[in-house]
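Using the sequences and the accompanying hints, generate a full structural model.
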Amino acid sequence: DGGITQSPKYLFRKEGQNVTLSCEQNLNHDAMYWYRQDPGQGLRLIYYSQIVNDFQKGDIAEGYSVSREKKESFPLTVTSAQKNPTAFYLCASTDTGGANTEAFFGQGTRLTVV
Amino acid sequence: AQSVAQPEDQVNVAEGNPLTVKCTYSVSGNPYLFWYVQYPNRGLQFLLKYITGDNLVKGSYGFEAEFNKSQTSFHLKKPSALVSDSALYFCAVRDSLLTGGGNKLTFGTGTQLKVEL
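Same order as they appear, the protein sequences are chains A and B.
Residue 15 in the working numbering is what sits at position 30 of the first sequence, and the numbering runs on without skipping anything.
Residue 41 in the working numbering is what sits at position 38 of the second sequence, and the numbering runs on without skipping anything.
It should be emphasised that the hints constitute simulated quantities derived from the structure, not laboratory data.
Quick caveat, the model's predicted, so the values are computed rather than measured.
The beta carbon of each residue, even a glycine, is placed where N, CA and C say it ideally should be.
Wrong hints could be hidden among the right ones.
Examples of chain A residues toward chain B, derived with CB under 7 Å [to be verified]:
#, residue
1, Glu9
2, Leu12
3, Gly27
4, Leu75
5, Asn85
6, Phe90
7, Gly91
8, Gln92
9, Gly93
Written out as structure tokens, the structure reads:
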């Protein structure tokens, strides 16, 4: 089945640690996105990538980093510089064939700082 | 810039009654509008979209949405609510004039729908 797989589902991070969230898609989509979800704030865009080896900052990129070495993969690293990383993280992808295409989402990773 | 507003944090409705979840938007060009549903600790599922054409759009699970250009609204509706419809609903917009940003969506803050027996 085609889709987006995020792992792990739950992740715990100690203060000062970097952690990496995985996102893999087999939809053959060119564009991939990372969103952060906090209660009452909706989804906010962290980073996005329209093509391999290229990515752009979204609205809240500070304290995060990404890479796009393969079309299928778009991992997100939450660095120690991110002051409040506890949140639900969602990865999505779209076909860049047209702006009217819907986004497909993974099942999310819940990150908690302990 | 593109933006979307969902004015209600929560909507309560009795099972079998019609439901409406409100959404208004702001864009410079023409809007591409989407509704998504999220169940607890899960990703977002696509329900329906408006691109152009008929103002009434039909989607998954019996949901539909009405596009109103003069009121810049895209309200989600269902004629008869089910308890299983209880979830968090997000409206999203993409501006047809947005360039250089891929297919970025701007999401509303979400509306929690609670359907009770």
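Hints versus structure:
Interface restraint check: Glu9 (chain A) against chain B, minimum CB-CB distance 14 Å, threshold 7 Å, status violated. Interface restraint check for Leu12 (chain A): the shortest CB-CB distance to chain B comes to about 13 Å, outside 7 Å, so the restraint is violated. For the restraint placing Gly27 (chain A) at the interface with chain B, the shortest Cβ-Cβ distance is roughly 4 Å, inside the 7 Å limit, so the hint holds. Interface hint at Leu75 (chain A): satisfied, since its Cβ lies 6 Å from the closest Cβ of chain B, which is below the 7 Å cut-off.
Taking 7 Å as the C-beta contact cut-off toward chain B, the hint placing Asn85 (chain A) at the interface holds, the least distance being around 4 Å. For Phe90 (chain A), the suggested interface contact is upheld, since its CB lies about 4 Å from the closest CB of chain B, less than 7 Å. With a cut of 7 Å, the hint placing Gly91 (chain A) at the interface with chain B holds, because the nearest CB-to-CB distance is about 5 Å. Interface hint status for Gln92 (chain A): upheld, as the beta-carbon distance to the closest one in chain B is roughly 5 Å, under 7 Å.
With its C-beta approaching chain B no nearer than about 5 Å, Gly93 (chain A) sits inside the 7 Å limit, and its interface hint holds.
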